[in-house]
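**Student:** So the chains spell out like this:
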Amino acid sequence: MTDTPESKIPDPQLNRRSFLKGCTAVAAALGISEAMIPKLVEAATTAQRPPVVWLHFQECTGCTESLLRASHPDIARLILDVISLDYHETIMAPSGHQAEKSLHDTLDKYAGKFLCVVEGAIPTKDKGIYCKIAGRTAMDILAEVAPKAAAIIAIGSCAAYGGIQAASPNPTGAVGVQDLVSGTPVINIPGCPPNPISFMGTVLHYLTFKRLPVCDNLGRPLFAYGRRIHDHCERRAHFDEGRFAEQFGDYGHRNGYCLYKVGCKGPSTFSNCPSARFNDVDVWPVSVGHGCVGCTEPNFWDTMTPFYERLPNVNIPGIAGITNIDKAGKTILGVAAAAVGIHAAVGIGKKMVKGCGCKDDK
Amino acid sequence: MIYEKHYVWSILLRLYHWAMAGSIVALSVTGFYIFSPWTLTNLEGTGLFPMMTMRYIHILAAYLFTGAIVARCFLFIFGNRQERVWDVLPISARNIKNLIDTLGAYMYLTDHHDEDRLGHNVLAGMTYVTTIFVGFIQIIAGFYLWLPESAFWQQFGNAIFGTQQYGRFIHHILMWYFILFAMVHIYLVIWNDLKNPDGLVSSIFTGNKFRHREVK
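Top line first, the protein sequences correspond to chains X and E.
If you number the first sequence the way my numbering does, the last residue is 362 and the count never jumps.
If you number the second sequence the way my numbering does, the last residue is 216 and the count never jumps.
Think of the hints as simulated: they come from the structure by calculation, not from any bench.
Predicted model, so just to flag it, every value in this text is computed and none were measured.
Cβ atoms here follow ideal geometry from the backbone N, Cα and C, with glycine treated the same way.
Be careful, since some hints might not be right.
In silico DMTMM-like cross-links for lysine to aspartate or glutamate, where the CA-CA straight-line distance does not exceed 20 Å [what the hints assert, rightly or not]:
(1) X:K351 - E:D111
(2) X:K113 - X:D86
(3) X:K350 - E:D193
(4) X:K354 - E:D193
(5) X:K351 - E:D193
(6) X:K21 - X:E42
(7) X:K354 - E:D111
Simulated coverage check for chain E against chain X, where a stretch passes if three residues somewhere in it have a Cβ under 8 Å from a Cβ of chain X [what the hints assert, rightly or not]:
(8) 50-59
(9) 149-162
All chains should be built: construct the whole structure from the sequences, respecting the hints.
**Tutor:** Written out as structure tokens, the structure is:
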């Protein structure tokens, strides 16, 4: 190791060993060679830490909480040490006018160089009046900050795709960052909340390679969102062998069987949850017996609900009460069968009255 | 009165038909299993892998289905007179008249039978063209669900369906279209065979239809 990071890291809680462990964890999540770890370390300890402006819009601060309270101290400290949070409403020291001043100082001083992280959806209905900070709408703030940023990281499903605010009927016209920003590269780290390691990996990738990681066509980095949860799930063997929990608490559930039949959305969801896991204790929803709810997918509040069914409900105009897709299918098939029966009966009736009408009858 | 034998359906069309029929049955049955597995779900140590097996059959049948749809599209353009797409769509005066006659006959209003038409009536033809179109959407959704990591299918599928979950939803809804189609198709084929003794049902096995001619 050519570098001695201790000397450059002021916080005594993050010692060199933890620091290297954190960098190694991120390298593993990124799927890059261990030969690259010194480069990551170098990038993370560079004196020129990238200023970060962290904008909060329509959100619950859960993504920030998830980052700050990551029980993995290495990752949490690494985030705070590697990036310089010039503006973050939850954790910054200044308030009021001073806070707004630090935002504008950063915009002026580091124009084109800082990273912008957006947490939360942006309401657009009625000129965006449903979310205001310091008297300005979220749309205004984003329109001012976005063109000056080097890149934008949309953290969480709200910033990426609108999240719960954008769920039908979307009363505030909420949208994700990528729907409003053009010209500045936007990368999505969806999840509710996303794994801190996916965020850290994106930041360190940017610092090390000076570009954003490769994304899928929903704007998510492939290192974290390149695989379906189902394909890396520890319960996958039970799926292939046809062993399923039929309901919560039954024999199959107690024996760790696949949660497919209780509505697990792992087969529809792309994320690194089964391999990266959460909170440094190697857990994630499916490992503790609850199906995936598909929180990294666009519009998951609309398409993944009901959470304990496999597929969304259907809404047939004119027929209230039938929302289950197969019940609707069977009803339509039943109506069609009845129509077939009536049609045949009319034909038989007509034949009895008038004769067959066939050519041979003549 | 004698019956003239006419060769109407080529071998490829008959193969298409039975590949389609067989694959729809296999796909629906295995599809229902994949959607909601009905086997004993707490058996251990059997080594039967029912879900694996069902998915394997589903994918095999999906390839058969895809081949059938492609073959039908080929025949729409390069098939014989009865198989071509412009013979079955209401794009000419003759075809529009046939469509109106067919609707009338199905509603028991007329007994008119189009004597110069050996192939599909236009109502059936329109339904078949729709079915092929629905089949294409079903194929795209299926490959999108099966090969989500492939850049091609991901791009294609995301553009049409948005997400995997919505692709799965549409895939499941369209299955009901095919079930509905199969029921109505079988009923109307039998109904037509009863009405007009031209050998409609056997024509899909033999390729031949019959037409009567008055002997003077």
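**Student:** Determine for every hint whether it applies to the structure shown.
**Tutor:** Structure-based check of all given hints:
1. X:K351 - E:D111: holds, 12 Å
2. X:K113 - X:D86: holds, 13 Å
3. X:K350 - E:D193: At roughly 17 Å apart (the allowed maximum being 20 Å), D193 (chain E) and K350 (chain X) satisfy the hint.
4. X:K354 - E:D193: holds, 19 Å
5. X:K351 - E:D193: Holds, at about 15 Å.
6. X:K21 - X:E42: holds, 14 Å
7. X:K354 - E:D111: Between K354 (chain X) and D111 (chain E) the Cα gap is close to 12 Å, so the pair holds against 20 Å.
8. 50-59: It holds: at least three residues are needed, and the stretch 50-59 of chain E offers 3 whose Cβ sits within less than 8 Å of chain X.
9. 149-162: As far as the stretch 149-162 of chain E goes, the hint holds, because 5 residues have Cβ atoms under 8 Å from chain X.
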